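Residue numbers (the working numbering), protein chains in the order written: chain A, 5 to 398; chain B, 5 to 398; chain C, 5 to 398; chain D, 5 to 398.
If you are wondering where the hints come from, they were derived from the structure by calculation, not from laboratory data. Be aware that a few hints might be false.
Because identical chains share one entry, a pair is satisfied inside a single copy or across any pair of copies.
As the list claims (entries may be wrong) - Below are the DSS-like pairs computed for lysine-lysine, each with C-alpha atoms no more than 30 Å apart in a straight line:
1) Lys342 - Lys397
2) Lys19 - Lys122
3) Lys397 - Lys316
4) Lys184 - Lys397
5) Lys19 - Lys397
6) Lys392 - Lys19
7) Lys44 - Lys122
8) Lys324 - Lys19
9) Lys122 - Lys397
10) Lys184 - Lys316
11) Lys316 - Lys342
12) Lys397 - Lys147
13) Lys35 - Lys116
14) Lys316 - Lys223
15) Lys223 - Lys35
Note that the coordinates shown come from a computational prediction; the quantities given were computed from them, not determined experimentally.
There are 4 protein chains.
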Amino acid sequence: MEFHSVLREIEQFVKSELYPLESQVWGQGWKDIYPVLDEKRAMVKNRGLWIPQIPVQWGGLGLSLHEFGQVSAVLGRSPFGHYCFNCQAPDAGNMEILIEFGTPSQQELYLKPLLEGKIRSCFSMTEPNHAGSNPVHMSTEAKLDGDDYVVSGHKWFTSGADGAAFAIVMVNTDAQNENKYERASQILVPADTPGFNIIRNISVMGEVGSGWASHSEIKYDHCRVPQANVLGVPGAGFRIAQQRLGPGRIHHCMRWVGICERAFEMMCTYAARRELSPGRVLASQQSIQNWIAESRAEINAARLMVLDAARKIDREGQYKSRIEISIIKFFCANVLQKVLDRAIQVHGALGMTDDTILASWYRHERAARIYDGPDEVHKSRVARLVLKEYDVKI
Amino acid sequence: MEFHSVLREIEQFVKSELYPLESQVWGQGWKDIYPVLDEKRAMVKNRGLWIPQIPVQWGGLGLSLHEFGQVSAVLGRSPFGHYCFNCQAPDAGNMEILIEFGTPSQQELYLKPLLEGKIRSCFSMTEPNHAGSNPVHMSTEAKLDGDDYVVSGHKWFTSGADGAAFAIVMVNTDAQNENKYERASQILVPADTPGFNIIRNISVMGEVGSGWASHSEIKYDHCRVPQANVLGVPGAGFRIAQQRLGPGRIHHCMRWVGICERAFEMMCTYAARRELSPGRVLASQQSIQNWIAESRAEINAARLMVLDAARKIDREGQYKSRIEISIIKFFCANVLQKVLDRAIQVHGALGMTDDTILASWYRHERAARIYDGPDEVHKSRVARLVLKEYDVKI
Amino acid sequence: MEFHSVLREIEQFVKSELYPLESQVWGQGWKDIYPVLDEKRAMVKNRGLWIPQIPVQWGGLGLSLHEFGQVSAVLGRSPFGHYCFNCQAPDAGNMEILIEFGTPSQQELYLKPLLEGKIRSCFSMTEPNHAGSNPVHMSTEAKLDGDDYVVSGHKWFTSGADGAAFAIVMVNTDAQNENKYERASQILVPADTPGFNIIRNISVMGEVGSGWASHSEIKYDHCRVPQANVLGVPGAGFRIAQQRLGPGRIHHCMRWVGICERAFEMMCTYAARRELSPGRVLASQQSIQNWIAESRAEINAARLMVLDAARKIDREGQYKSRIEISIIKFFCANVLQKVLDRAIQVHGALGMTDDTILASWYRHERAARIYDGPDEVHKSRVARLVLKEYDVKI
Amino acid sequence: MEFHSVLREIEQFVKSELYPLESQVWGQGWKDIYPVLDEKRAMVKNRGLWIPQIPVQWGGLGLSLHEFGQVSAVLGRSPFGHYCFNCQAPDAGNMEILIEFGTPSQQELYLKPLLEGKIRSCFSMTEPNHAGSNPVHMSTEAKLDGDDYVVSGHKWFTSGADGAAFAIVMVNTDAQNENKYERASQILVPADTPGFNIIRNISVMGEVGSGWASHSEIKYDHCRVPQANVLGVPGAGFRIAQQRLGPGRIHHCMRWVGICERAFEMMCTYAARRELSPGRVLASQQSIQNWIAESRAEINAARLMVLDAARKIDREGQYKSRIEISIIKFFCANVLQKVLDRAIQVHGALGMTDDTILASWYRHERAARIYDGPDEVHKSRVARLVLKEYDVKI
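Pulled out of the complex, with its shape left as it was, chain A reads as follows (with noise of 0.2 Å):
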């Protein structure tokens, strides 16, 4: 099929099948809805949509990265899109690098049943006690112990841990290498191991969440998983960590355009329909219309930016596209917190409210600013990038 096709009919599956589960089951935790979503996941096995942004030889359509952001535009516009391709973080993410680094038994164990979406995993990484800014300051260990590593640790934000089959967690396996870039590895461990404990799911801007739609905090208490459970080899994984930085970046990226998208289309349709007056609409007062042009300008600017930043990637790696790859992250985030601000400004009261999607929106997604680096973090990386041309080191 070809490409346009796929995108068009993947949109139109979107609006069709998801955007009505908003008014059906929204409001409702993740875990209540699996049967309603499983039915729909189903649904798009059978139109040969599955997990896009996989491979073809591991039963995806193969996109490439520029193809795959236009799809999470796309799925992005319905907070259930991702989920239903089984293209949602951090499942995606953990899928690459099983894919580029598992050795042929990590694959049939957590590889497979994740394509299939049997399974779901997390990625835990940050932690409460180290700043998640710095990814090589960190506490959590692994220790060799005969065939075994334990791992002893306290993580935080591992979202989708709850009811995750495993975990992929970054830990020091080498705390006191002098190179501070090849201290960590990533080790596979099962949900099911004991001392894999987890001790909440945090409650985020006011939700406790549950399942996929979760961010937990984790005990790890002498979890024994056997050495083959590393990840490519001990040390590299802070360079696993950034293989999946590239990706990982497009798909959030984009997928915040889609969401994006949506608000647009919901501040336009609100302020077309709305009365102030008999017979005068919101969308005739001048600073609505600033909002409208501001936003179609950003999200446009937003759109192109992460597409320009796939298509190096695709081209000529992720090394040589690290300016990019930071740009759009702090771009695209405030972009987002602009357009949905905006949003919730037009809808008024309403807006505050669930009844519409955007107040969900407006307050998981300030997170954007924050993970996967905030957006100084990014900034000052740009800027180093940036000067090395100027013969300055900073």
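With chain A fixed as given, assemble chains B, C and D onto it according to the hints.
Relative to chain A, chains B, C and D alone:
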């Protein structure tokens, strides 16, 4: 007691008695914590600090608006502050208009128990089917039938209706009046009146809430109340609404200043303590220094402007202070949003959680730019008032 | 020659031949430096790079809009760029409409010497007594008198009139036409026509200017020109003005992108070199890193959006690209202002001086947010076009 | 005379005597208009309003800082205001430090004619080769040679040096002192001292300027002056510089408030009068209403903050007011830039011209965010002072 001693005592109370509640009861429904709050209210009464905004003859401290503004900034530092001193919206506003416009019988029945904290009340104005930004665009009606008014209509965002003893309802009593500012009346409707139907507590930014901390959708289905329940005279609804506006604005804006001060303290405390790497704290980052400086500047500006407006209202009345009253609304609401946003960014992942109070303020105080007139309405209003001096009518 | 070779050659020329002019002749009046510029123009002709935007049959390089956009960004890096390649405003626009709407005789008399760079021209539209943001609100009139039109009116901001051989003047020829878009015509008025009175070169941001680099106030006092001097047909003035708009927008916006790139380079160079204290350069400051990153992001966004619009105009025409054409106007003009402001802040006191070119751009390019429609007009226009899809007419 | 009468009289004078000068002499070099200005100065003296900031015993009005701040806001409305009252920078600052630190002989020679307006002076601190944002990073030196100091160094942005009778020069007298704040001294250098070489008046934002309205680059080439020309004691240069800072800040910031008020008036006047189409004025546009409201709010905030700082300095001294003094610098400078930018946007093409005074302010007052410490320095300073209370040293 001299005012500055009162202020210091209140601040002391807020810090020692109310701050600790945040870790103890925050996140529980308001209804579930009434017993704890009632204890605190008793302490406030014992210390002679009860209803500070109310004239001495009615049992309050008789503070001027300029003084109460400063109290409100102190109380605003805790989400429990205003409630524990019985000066929370909308009860404080209802007390004021009952004092000014209530008949002796209305005061006996409604005002006294309100002042004593025995009952709560609500103010029912906003309608889902009409833009709240246009206060004369409204459908709820009260029709005369014998000695009674029969109230029918559809309201929402009636805050604190859940558990209130009565509502003051904004209704059209003369919808065809050529003077659109004389169409409405305010009328007292006891909550046990047949036809007073709370449809739901609206889920707002992820929380349904309960008790005082809720926003209800209400259908008034032929609620019959005596004519004597009208406040002031029929047709005075709009004028009375204006009356409550000036002091209410000072209360709210200074409450926001209080929130800002608290968020500012939290931001500084966290920045001073959180390490990016061993020995290097967040506060060493220039971006964070910028936010601290900009926040300090903006909060100072907000505080000075509100107190200046309060002084002017105290001295020259509301009418002459219309420009200032509108300016502080949009200026302070925007400072509040910026300061909270920065405080969350400084806290990183922690800022997204409900482990601090910031996330709750971030989402619920988004409404500050909407209720009591969105930014845009106040800006246009200021411009129109300013331009009067330039001989242009727009 | 393949396009990218052309582009590289032009960039090389700009850097080696035009950059040095800044320290040599910058600050002198334009009229005084024509000899130097004429030398450069001769070099451009010799290298076969002359009038790149013009079709091959008229002696140009026949670049598409998408290609010329990229050239314009390179030329924009120098204040002498467009002029030396004879693609400066308003001549470039005048060439375009003479090619499209000129009669053979008009082309012989006006177009050919213009293409050859033997004469200059101007475009006389804006009037001091009417808001330029409303292009159909105009007083200058051309009255038929026998075979002639007699033009009378008051214009200003006729750029480059000082020394121009002719003006294309926007005049009402049918002021009472019910269709306000058919009232105006464009008419060729030679500068030696009696009654063509340049009142003054307007002092703009501290500079009166001269020659091409000037903005004149002109009184047309019964200028008599033959009917044959009308462009296209009488009444087509507005339509022709629209015609020049799309390409002109791309030229301008990419010129601004070029200015931004140059300012960005200067900002980085200075930040990398200037010491705050021995060994600690400006670039070490996070605020400056933020500006570098934000500028890089915004310039990338601007470039991608303009090129995307150019591609769309090339492919689908101006009419279908109206939203994009308006968006790039306000978006790029604002990026330009922000980037220049940051570049000046980085340069500190030096940025205020005319020792660099930044200060000149800072003040003269402030006009970018005003000419060809102020930001506000374009925003409202975008909103109206977007809202058409939402069944609302405003 | 009671202060408010003084203030009203000054305002009256500014409006009736100084406003008209703008259309009469604006755009001419400052040197060419001294005769006109001298007439106005004579009038000011006759009315007993001369040097209002100076203590009564020295012939001034003895206003407090809080009072003079209000005067400065009135004078700032005209570009001729401060000059005509002899309280213009840098003379006002020089007067202050001569009063406080001058010897009787210095006061006789330098202060008295300055107070009388017979001579002008300059303050020579900034150096082209060192970042002005770091005041202890400086190369100019004064070497003891017998009873004399021999001053050598390179300064620029010495405002008003052209025609000044003397300079107060910041020099290192003890460059190796371990305490970097004790390395510098301030020293009086008469302009006729051999070796006092004004290289040029720097072209700033398109204008070379002359007389008081100029910024010179100066080479001090072995300027020999008696030791007695040191202000205070050797090594006190930095401390004295600090001393002039607080009052100078109030003067400047209130001057900016005055500029803002004038720009605001011009913006409102023009918006109320300029027609977009017959009968529809600019002021009817909501975007312009927004700017009017936001400007009114920000100017009010700026004024209240500066007056609050002035009151604090009057009451508690500069040291305790350091946070406020830094805050008003960056806050007011940014308000100034925003208000001027909006005023120009409202004026459209006219705003770009020198037909109004806005364009001159727009370009020259861009320096407000740079001189006396750029925004970034003040923000970091505020943050550091605030964070002291949080037990962190950064």
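Do the hints match the structure? See the list:
no.	hint	result
1	Lys342 - Lys397	between (34 Å within a copy, 26 Å between copies)
2	Lys19 - Lys122	within (25 Å within a copy, 51 Å between copies)
3	Lys397 - Lys316	within (26 Å within a copy, 41 Å between copies)
4	Lys184 - Lys397	both (19 Å within a copy, 27 Å between copies)
5	Lys19 - Lys397	between (50 Å within a copy, 26 Å between copies)
6	Lys392 - Lys19	between (46 Å within a copy, 21 Å between copies)
7	Lys44 - Lys122	within (14 Å within a copy, 52 Å between copies)
8	Lys324 - Lys19	between (37 Å within a copy, 26 Å between copies)
9	Lys122 - Lys397	neither (49 Å within a copy, 50 Å between copies)
10	Lys184 - Lys316	within (29 Å within a copy, 48 Å between copies)
11	Lys316 - Lys342	both (27 Å within a copy, 27 Å between copies)
12	Lys397 - Lys147	neither (37 Å within a copy, 37 Å between copies)
13	Lys35 - Lys116	within (23 Å within a copy, 49 Å between copies)
14	Lys316 - Lys223	neither (40 Å within a copy, 53 Å between copies)
15	Lys223 - Lys35	within (22 Å within a copy, 33 Å between copies)
When each numbered hint is compared with the structure, violations occur for hints 9, 12 and 14.
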